[in-house]
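Given the structure of chain A, go ahead and fit chain B onto it with the hints provided.
Given next are the chains, with one letter for each unit.
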Amino acid sequence: DQQVKQNSPSLSVQEGRISILNCDYTNSMFDYFLWYKKYPAEGPTFLISISSIKDKNEDGRFTVFLNKSAKHLSLHIVPSQPGDSAVYFCAARGGGSGNTGKLIFGQGTTLQVKP
Amino acid sequence: KAGVTQTPRYLIKTRGQQVTLSCSPISGHRSVSWYQQTPGQGLQFLFEYFSETQRNKGNFPGRFSGRQFSNSRSEMNVSTLELGDSALYLCASSGSGTGGNYGYTFGSGTRLTVV
Chain A
1 DQQVKQNSPS LSVQEGRISI LNCDYTNSMF DYFLWYKKYP AEGPTFLISI SSIKDKNEDG
61 RFTVFLNKSA KHLSLHIVPS QPGDSAVYFC AARGGGSGNT GKLIFGQGTT LQVKP
Chain B
1 KAGVTQTPRY LIKTRGQQVT LSCSPISGHR SVSWYQQTPG QGLQFLFEYF SETQRNKGNF
61 PGRFSGRQFS NSRSEMNVST LELGDSALYL CASSGSGTGG NYGYTFGSGT RLTVV
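Taken in order, these protein sequences are the chains called A and B. The first sequence runs 1 to 115 under my numbering. The second sequence runs 1 to 115 under my numbering.
Here chain A stands alone, though its shape is the one from the complex:
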């Protein structure tokens, strides 16, 4: 049962354009959603998060949108830079005191930003 899904394994965009990475989830009890960037043989690096009570959070070039009715979130990167090329993971944190340390990850989307 895959509770967090990233249906696009890869995405290619031109430098300077917008990158949109998508994520769907099934569990309405998730209380936070997070995006991580990962390079091979390294640990994930936190990018941005959003609480389930918000619908948008922005940090510099990164904006995350949450549509709770559709159980869908997206990460927008504007403008995209070649250094953004990496694997991006969407993660959800289970709500309730028993699940605070548990993140459920999507399968990842490989972003390639072409110069």
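Simulated from the structure, these hints should not be mistaken for laboratory data. Hints may be right or wrong, so weigh each one.
Over 12 angstroms on every C-beta distance to chain A, these chain B residues come out as not near it, computed from the model [what the hints assert, rightly or not]:
| # | residue |
| --- | --- |
| 1 | I12 |
| 2 | Q17 |
| 3 | E75 |
| 4 | E82 |
Using C-beta positions, here's what the derived DEER-type ranges look like [unchecked claim]:
| # | chain 1 | residue 1 | chain 2 | residue 2 | range |
| --- | --- | --- | --- | --- | --- |
| 5 | B | N77 | A | H76 | 34 to 44 angstroms |
| 6 | A | Q3 | B | L83 | 19 to 29 angstroms |
| 7 | B | Q18 | A | S69 | 41 to 51 angstroms |
| 8 | B | S79 | A | E15 | 43 to 53 angstroms |
| 9 | A | Q14 | B | T38 | 28 to 38 angstroms |
| 10 | B | L83 | A | S8 | 22 to 32 angstroms |
Everything numeric in this text was worked out from a predicted model, so none of it was measured. Heads up, the beta-carbon is just placed ideally off N, CA and C, and yes, glycines get one too.
Below, chain B alone, put in the same frame as chain A:
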């Protein structure tokens, strides 16, 4: 401020052996979570420790165990290694008891190869 430190970085073990991996969280962080990353299954939650107590556990067999010491350093142990245990093992630390709305900080991981 030092990040999350995992040792060793690489490890090769034989089937049937056991292995212990170590994780030193960011100073002051009391929560440590462990994840397994494989090409087929992605990033999967193993367990989380907070103040020396296991607070959450994923769906892994009992061969996978962990503990946390009073200084918040954590170890995970895998007994009777199988070929399928070959993976990148990641730990993440968090400063708040509930994780807050910021991301968990990951270490660079331990690459375990079982032959």
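Now for the hints, and whether the structure bears them out:
Distance check for I12 of chain B against chain A: the nearest CB is about 15 angstroms away, which clears 12 angstroms, and the non-interface claim stands. At roughly 23 angstroms from the closest C-beta of chain A, the C-beta of Q17 of chain B stays outside 12 angstroms, upholding its exclusion from the interface. Look at E75 of chain B: its CB is around 16 angstroms from the nearest CB on chain A, clear of 12 angstroms, so calling it non-interface holds up. Distance check for E82 of chain B against chain A: the nearest CB is about 22 angstroms away, which clears 12 angstroms, and the non-interface claim stands.
For N77 of chain B paired with H76 of chain A, a C-beta distance near 41 angstroms keeps the hint of 34 to 44 angstroms intact. At about 27 angstroms, the CB distance of Q3 of chain A to L83 of chain B agrees with the hint of 19 to 29 angstroms. The beta-carbon spacing between Q18 of chain B and S69 of chain A, approximately 48 angstroms, falls within the hinted interval of 41 to 51 angstroms. With their beta carbons about 49 angstroms apart, S79 of chain B and E15 of chain A fall inside the hinted range of 43 to 53 angstroms.
The beta-carbon spacing between Q14 of chain A and T38 of chain B, approximately 32 angstroms, falls within the hinted interval of 28 to 38 angstroms. Remark: the range hint 22 to 32 angstroms for L83 of chain B to S8 of chain A is upheld by a beta-carbon distance near 31 angstroms.
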